[in-house]
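Based on the provided sequences and hints, a complete structural model is requested.
Protein chains: 4
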Amino acid sequence: MRIAVINETSAADRNADILLALEGRGHEVFNCGMKKGGEAPELSYIHTGFLAALILAMGKVDFVIGGCGTGQGFLNAAMAYPGVSCGHILTPLDAWLFARINDGNCISLALNQGYGWAADVNLRLIFDELFSSERGSGYPKKRSEPQAFSRRLITQVSAITHHSFQDIVSSLPDEVALPALRYPGIFEFLLDGIKNGNTGSSSDSYSILARAVEARLHR
Amino acid sequence: MRIAVINETSAADRNADILLALEGRGHEVFNCGMKKGGEAPELSYIHTGFLAALILAMGKVDFVIGGCGTGQGFLNAAMAYPGVSCGHILTPLDAWLFARINDGNCISLALNQGYGWAADVNLRLIFDELFSSERGSGYPKKRSEPQAFSRRLITQVSAITHHSFQDIVSSLPDEVALPALRYPGIFEFLLDGIKNGNTGSSSDSYSILARAVEARLHR
Amino acid sequence: MRIAVINETSAADRNADILLALEGRGHEVFNCGMKKGGEAPELSYIHTGFLAALILAMGKVDFVIGGCGTGQGFLNAAMAYPGVSCGHILTPLDAWLFARINDGNCISLALNQGYGWAADVNLRLIFDELFSSERGSGYPKKRSEPQAFSRRLITQVSAITHHSFQDIVSSLPDEVALPALRYPGIFEFLLDGIKNGNTGSSSDSYSILARAVEARLHR
Amino acid sequence: MRIAVINETSAADRNADILLALEGRGHEVFNCGMKKGGEAPELSYIHTGFLAALILAMGKVDFVIGGCGTGQGFLNAAMAYPGVSCGHILTPLDAWLFARINDGNCISLALNQGYGWAADVNLRLIFDELFSSERGSGYPKKRSEPQAFSRRLITQVSAITHHSFQDIVSSLPDEVALPALRYPGIFEFLLDGIKNGNTGSSSDSYSILARAVEARLHR
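Taken in order, these protein sequences are the chains called A, B, C and D.
No gaps in the numbering here: position 68 of the first sequence is 80 in our numbering, and each next residue is one more.
No gaps in the numbering here: position 214 of the second sequence is 226 in our numbering, and each next residue is one more.
No gaps in the numbering here: position 100 of the third sequence is 112 in our numbering, and each next residue is one more.
No gaps in the numbering here: position 163 of the fourth sequence is 175 in our numbering, and each next residue is one more.
Worth flagging that the hints you see were computed from the coordinates, not collected in a lab.
Worth double-checking, as some hints may not be accurate.
Below are the BS3-like pairs computed for lysine-lysine, each with C-alpha atoms no more than 25 angstroms apart in a straight line [said to hold, decoys possible]: (1) B:K47 / A:K154; (2) C:K153 / D:K48; (3) B:K72 / B:K48; (4) D:K154 / C:K47; (5) B:K153 / A:K48; (6) C:K154 / D:K48; (7) A:K47 / B:K154; (8) B:K47 / A:K48; (9) B:K48 / A:K154; (10) D:K154 / C:K48; (11) C:K72 / C:K48; (12) C:K48 / D:K48; (13) A:K48 / A:K72; (14) B:K48 / A:K153.
Keep in mind it's a predicted model, so treat the numbers as computed, not measured.
What follows is the structure in structure tokens.
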């Protein structure tokens, strides 16, 4: 799986723990946000929430791992956008259930609250259950069908309730869009599909969003 | 405070626990969703999420208490709509921090996972901290300003990324809108402002949404 | 490993969950306590705590899994006796750490508090970490030596602070000793070593305790 | 209430948090263990467990608050001695239940595992519930009687299974007894009753233990 890790400023020091806990699983990991606390430029959860949603919408990754001090801020920020299904994941059991029932594309971790000694181990145990082969299989098994139905419906609802992502990219306030899009490495990560010419027709959703990002940065 | 409690089907049996834990706090409580498991008609978290957001958007209450088996489904459903700031609240400490940092208008409870013996007591301890006089005061105190700024920004983002709620009401699929709006008592609850004539001008947001709800039900 | 599962009355209905979660691990499991709530005769945590310690002292098993509503009662009851090192284990991380740091011979589970939906899954995740090949390896690794030293010292302290187990067997009040020793299957389980004649000299600790149990039952 | 706080070395830096969370409750607090990480002399949980039990046995305090990295080590160490009823307390609900059901005289806190941001607040919420006027009232209420019976029985069992505390004081290994009894301030705290002459007859349990402590230190 292609996984983006996106840390905001208050928990940027946990970035290394997350990367380490993801190792050895055969995933392609993109470390898109802050790497260390106190670094400039900073990203708040408002920015990482936007980036999480954008990266997913552009199809750059299959899954985003974000978070903040309590996990509530990033969760709310990411879910302001269309196409995000985000779990608030604190324990291996949360991960086990979220993978089976919600099968979302994003999680928000509590990276300061409750983040003590051995919390890095807990991340590992969480990822053990999260990236399971049972994603979307339902729990309990007999609820598999209605749960799959709910997932499809919520995806549909999210598309209906939100503006198109390209419109969002162009209408977000500067203080949300610019620190996110100008964050070191983001532009290259988002737009390398264009350079590589492997993005299909110019009317596909990646190309439309890529152009919207470019336009926003250069206006 | 005016508080709506909205339970979906899988955890409808927890409804009585929630009501009891809210007692004696001087709040005006509206019990809008399911009251007992197995009752017809059923509401899924897709429906209660929509109702939570709608009730808030119409200004009928100040706060919504929802949830589902794990809390993740209702959270994702409610946050598909504009104007919802929802916490996933499992412990008194979660509530204490959410009240101070996020100061949202909605919480999602885990009402099956981890919901064992004395979970009703835990609800009481959660509400003790949630409905604190310190809402929005920030934690730690010195982060009060940037946290308030983030709250305002996320509210603004939510308004920008979503269609207007009246458009949402008219464009949601039938299987989302109708079971919710036709749920016993909902129509009366949502539209009593119109009957009572205490809703100000016909162009205010309550009246616009009230008309959208009526139109949707009668089309 | 040889594992005894010992349930008291308030959480006897969890017995089946525990057995199921232990399956497929290659352990020899002895189901020594209550199997179902409401069955007569009942065992309280006072009785299961005594049985846990006695079974360990007689060398019948390597590990005991007990618990009660919150886990605190069984823990306190079992630890009243010599030779018990018991963890209060609620999450997979608790199990991971307890196996490495404390490497005890007993755990106490919370089997009503927090025991909701999917708690059976949580048991499985807990056992995944508990019966690890890393038992006693220390955490963090560099603390391996002092942690092993502490384990040896606490074992030594427990032997010094307690009377001999045979004296304990003979001096416990009837309401503690008798419901435990007379519980269906216990006598046979404890004393089959004598019948089988595979217990070494009559002065070994098993034989001494077996005689003490017999004496207690027949006085 | 008279409360002793006793921290061991791995979590000594939490000592200030515990003291602060105890403030304003009208308790008399004795800070008997380590105050800061890295200070010499160090106390391990083996020593703080012994001190906790001894201080309770001598009647110097009504309650002991201890802990260690996970809470399991101190718990096991303290419970090796007679007369200790210790809870492993992680959440306000744990405290609420422990106060009502077990009504013990000691708690063990997890002071590194899970001890992140706002854990000091969690301590406050825990103490809010722990030092409740409802101690020993039972939960649920209708189980009040059997729970009180179990408490009395476990107290009786602890007295039967252990040697007398004065014998324990004289027979513990040097590496357990001496670092504990020689810890700065301990001798004075334990024996001030003798100096003050307010200890009643020389055969009461305080005097017997005080003499045992003195003898151990001077042999």
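Legend entry - Violations among the numbered hints: 8 and 12
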